[in-house]
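Number of protein chains: 2
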Amino acid sequence: MKQSAIPFVLGGLLTLCSSSLKAQEKPKYLDAKESDPIKMGWMQGSPPPADRIVYFEDGSFFQFPAIRWSTAHMRQFMPTTNVSRGLANAVPLSKSLRKEIDQVKFTPLGESKAITWEESLQKVYADGVVIMQHGKIIYEKYYGALKPELQHAAMSITKSVTGTLGIMLAKEGLIDTTKLVSHYIPELANSAFGDATVRQVMDMTTALKFSEDYADPNADIWKFSAAGNPLPKPKGYDGPKSYYEYLPTVQKNGTHGEAFGYKTVNADVLGWIIARVTGKPIAEVLSEKIWSKIGMELDAYYAVDGIGTAFAGGGFNMGLRDMARLGQLILNNGVANGKQIIPKSAIDDIRKGGSKKAFEKGGYPLLKGWSYRDMWWITNNEHGAFCARGVHGQVIYIDPKVDMVIVRFASNPVASNAANDPYSLPAYHAVAKFLQGK
Amino acid sequence: MKQSAIPFVLGGLLTLCSSSLKAQEKPKYLDAKESDPIKMGWMQGSPPPADRIVYFEDGSFFQFPAIRWSTAHMRQFMPTTNVSRGLANAVPLSKSLRKEIDQVKFTPLGESKAITWEESLQKVYADGVVIMQHGKIIYEKYYGALKPELQHAAMSITKSVTGTLGIMLAKEGLIDTTKLVSHYIPELANSAFGDATVRQVMDMTTALKFSEDYADPNADIWKFSAAGNPLPKPKGYDGPKSYYEYLPTVQKNGTHGEAFGYKTVNADVLGWIIARVTGKPIAEVLSEKIWSKIGMELDAYYAVDGIGTAFAGGGFNMGLRDMARLGQLILNNGVANGKQIIPKSAIDDIRKGGSKKAFEKGGYPLLKGWSYRDMWWITNNEHGAFCARGVHGQVIYIDPKVDMVIVRFASNPVASNAANDPYSLPAYHAVAKFLQGK
Chain G
8 MKQSAIPFVL GGLLTLCSSS LKAQEKPKYL DAKESDPIKM GWMQGSPPPA
58 DRIVYFEDGS FFQFPAIRWS TAHMRQFMPT TNVSRGLANA VPLSKSLRKE
108 IDQVKFTPLG ESKAITWEES LQKVYADGVV IMQHGKIIYE KYYGALKPEL
158 QHAAMSITKS VTGTLGIMLA KEGLIDTTKL VSHYIPELAN SAFGDATVRQ
208 VMDMTTALKF SEDYADPNAD IWKFSAAGNP LPKPKGYDGP KSYYEYLPTV
258 QKNGTHGEAF GYKTVNADVL GWIIARVTGK PIAEVLSEKI WSKIGMELDA
308 YYAVDGIGTA FAGGGFNMGL RDMARLGQLI LNNGVANGKQ IIPKSAIDDI
358 RKGGSKKAFE KGGYPLLKGW SYRDMWWITN NEHGAFCARG VHGQVIYIDP
408 KVDMVIVRFA SNPVASNAAN DPYSLPAYHA VAKFLQGK
Chain Z
8 MKQSAIPFVL GGLLTLCSSS LKAQEKPKYL DAKESDPIKM GWMQGSPPPA
58 DRIVYFEDGS FFQFPAIRWS TAHMRQFMPT TNVSRGLANA VPLSKSLRKE
108 IDQVKFTPLG ESKAITWEES LQKVYADGVV IMQHGKIIYE KYYGALKPEL
158 QHAAMSITKS VTGTLGIMLA KEGLIDTTKL VSHYIPELAN SAFGDATVRQ
208 VMDMTTALKF SEDYADPNAD IWKFSAAGNP LPKPKGYDGP KSYYEYLPTV
258 QKNGTHGEAF GYKTVNADVL GWIIARVTGK PIAEVLSEKI WSKIGMELDA
308 YYAVDGIGTA FAGGGFNMGL RDMARLGQLI LNNGVANGKQ IIPKSAIDDI
358 RKGGSKKAFE KGGYPLLKGW SYRDMWWITN NEHGAFCARG VHGQVIYIDP
408 KVDMVIVRFA SNPVASNAAN DPYSLPAYHA VAKFLQGK
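Chains as they are written, first to last, in my numbering: chain G, 8 to 445; chain Z, 8 to 445.
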């Protein structure tokens, strides 16, 4: 196996908007139609043709254009742990399609010519999109390898799921966000997290010596990836062998609470706290608290490390409509089917947002005026929109003003959302404007 | 990674009643209660204690007593491919429990003292049992790590699933069982299967030079396991890298059609034929033909090799109640919820059985008078019972005379059903006798 390639695999899952990935010269990629994974025939045939087989261990499954197939079939490449939807019937989402949405126009950031919503989906290599307004599906499309009965990688939307569980448990009294992380996880006492509060972890204002510079082979992100890789460790490997072994090695760099620093490891620390205070793996907590409670139609799943720990920073996979149900639950102040599933105070906490001043220091020129709270991105735009975001184009975009949720899975060749945002952020808002008053 | 241990892992999944495993002196194992996997705490904790963590790569996940946890969590150890139940609601099984069954008595084979059904479940380390009569659940129990919402390893029951799909496709005209295997899979022309008929493969009367002698490190079973192992091949490995690469290497030993020879590779050849004639992976075929058609409540899944091929000889996992639904479908001549899902002629073909003469040469002293057809075991007893069987105690036992199906998942420390059969075969029949006329 190509050892050097292994960290790459997980590395790809780990970040979002890493500044080091931004604004480089754009390589030429096949477009969305040319790279259609079904037409390309990835992993199809008995056996598939040699040039259509991809592997986990060398990272080829996660390279464009094969990634367009793999994101809807992550389980075929790695061990996973299930998030049960329970055994009750799914609660169907009622549907009243608005085909006019396809023709909604907007001008991408940095461009001068307007394009349609429909065109924008090709630009971002969308695999599936659902838009809900007033609790009903008004738009639903699938492309490429995704189908309603398949789960798709949610990438860093995973973090927002972790954050949501975190603030739920806080409002239920199981976690005190003002306490130090080391109060819950003594193993982290001597790490950067030792004197950080749970709140700082949840808002990613910890000051960490943790480089996500993908160009640097000695960057911490590679060590983290190697630790969390579920494959057997290579001969001679003497680093940490799991997320729980890695996290205590993270060192501090600066003062906690001052600046937003988007580091995946915060989400894994929060996942650890959740597992510790509940005494259950996070997959089970998520099933008990949300997945089995709101009429989901598919089980969801997490990628795991070599000792079975779910990757709470980026390893979550779910169905597209279930992601819409999750977004709707948040939009609806934690109520689904007439039941309060998430305390309203938890949703309020997310929506009030984090420190804009801290966020400004995080280095996201496209996201002016935003903040980050409970692992959600708060736009602070005129509609009070907030979102969950993951590399390669995953999103849950919630616009409370027009009572709208947009969820999208995608497999953009570029990981960083800086590649998607020019075609996405104004698109979401244009659809919201179109729906205003409807 | 301990390379030598890797083949062991899959080897354990591969056989049933291998004669080399039989009748050796019984080691002393913890009993069913002592080895309760939840009490033992396998993989529980954040992180679990070091002596409660098990791994795929060294085979420890599959060793007793950890196997009692792992069989209900196979996905956490390996890549898998999903068998979708579709999106429709499950069709509930009606329930009318008969608690008297626990007290049904029988005398285990080779013993003189009678025990109860309930006691027998402890003897075989049952993880879950459902008994259905007249289409209703009359008995349902879960032990250890198994829950209604979890899938359990079906081991060689997988073969009967493959065989059922095979005979379905034959009756639908997609497979001609009188044709040579090489007609469908030219890649097998120069292997033992080249001049075997599909029928001979389906009834395992192929004459194969394929040793499943676990004591012999050069036995073919280890090479097969190494080929199918989804982990990256170790440095210097130059053998076949997938099931499809391995199967063409199997050589002939004798004359096809004369003797029953229980060899897992036959099921994988049939799986290959199924994938080839349908143009789809077997997981998709199973979903389309059965799993999405009869109101299953859980998705099922297969373990896969390094190129994503489902292990059609032993890698299937499903929920206990869904296994009951599957058994009921077969008992009910292919009809479920009023619809003909499997052609009746396919069920007739299974039930008519294979050659008893050929079976007698297969070396199963406990299974006198039995035969093997379409990868099902036909008891030819007074009730016309037939069954699907897997190592470590998995079973679907169908008794048409009393309109009964028994399904059981287990995690017996001994792989071979020779360890279960003395407590199982007379137990099934005793329950059947008890239910007769009811």
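Hints are not guaranteed to be accurate.
Copies of one chain are not kept apart here, so a pair can be met inside one copy or by any two copies together.
[Stated by the list, open to error] Okay, derived cross-link-like pairs now, PhoX-like style, lysine-lysine, Cα gap no bigger than 20 angstroms in a straight line:
| id | residue 1 | residue 2 |
| --- | --- | --- |
| 1 | Lys248 | Lys375 |
| 2 | Lys445 | Lys296 |
| 3 | Lys106 | Lys242 |
| 4 | Lys46 | Lys445 |
| 5 | Lys351 | Lys186 |
| 6 | Lys368 | Lys148 |
| 7 | Lys154 | Lys300 |
| 8 | Lys35 | Lys154 |
| 9 | Lys154 | Lys296 |
| 10 | Lys440 | Lys143 |
| 11 | Lys287 | Lys46 |
| 12 | Lys287 | Lys154 |
| 13 | Lys120 | Lys296 |
In case anyone wonders, no lab produced these hints; they're calculated from the structure.
Going down the list of hints, with the structure as the test:
For a Cα distance limit of 20 angstroms, the shortest separation of Lys248 from Lys375 qualifies neither inside one copy, at 38 angstroms, nor across copies, at 51 angstroms. For the identical chains of this complex, Lys445 and Lys296 are neighbours neither inside a copy (33 angstroms) nor across copies (43 angstroms), given an alpha-carbon limit of 20 angstroms. When the C-alpha separation of Lys106 and Lys242 is checked against a cutoff of 20 angstroms, the pair qualifies neither within a copy, at 56 angstroms, nor between copies, at 55 angstroms. Taking the shortest alpha-carbon separations for Lys46 and Lys445, neither the intra-copy value of 38 angstroms nor the inter-copy value of 56 angstroms comes in at or below 20 angstroms.
In this assembly of identical chains, Lys351 and Lys186 lie within 20 angstroms of each other by CA distance neither inside one copy nor across copies; the values are 22 angstroms within and 66 angstroms between. Taking the closest pair of Cα atoms, Lys368 and Lys148 never come within 20 angstroms of each other, the shortest separation being 37 angstroms inside a single copy and 58 angstroms across copies. When the C-alpha separation of Lys154 and Lys300 is checked against a cutoff of 20 angstroms, the pair qualifies only between copies, where the shortest distance is 18 angstroms, while the shortest distance within a copy is 23 angstroms. In this assembly of identical chains, Lys35 and Lys154 lie within 20 angstroms of each other by CA distance neither inside one copy nor across copies; the values are 28 angstroms within and 50 angstroms between.
With identical chains, the CA atoms of Lys154 and Lys296 are at most 20 angstroms apart between copies only, with a shortest distance of 18 angstroms across copies and 26 angstroms within one. Proximity of Lys440 and Lys143 under a CA criterion of 20 angstroms is satisfied intra-copy only: 17 angstroms inside one chain copy versus 55 angstroms between copies. Taking identical chains as interchangeable, the C-alpha atoms of Lys287 and Lys46 lie at most 20 angstroms apart only when they sit on different chains, with a minimum of 15 angstroms there against 42 angstroms within one chain. For the identical chains of this complex, Lys287 and Lys154 are inter-copy neighbours only, at 16 angstroms across copies versus 31 angstroms inside a copy, given an alpha-carbon limit of 20 angstroms.
With identical chains, the CA atoms of Lys120 and Lys296 are never at most 20 angstroms apart, being 45 angstroms at best within one copy and 49 angstroms at best between copies.
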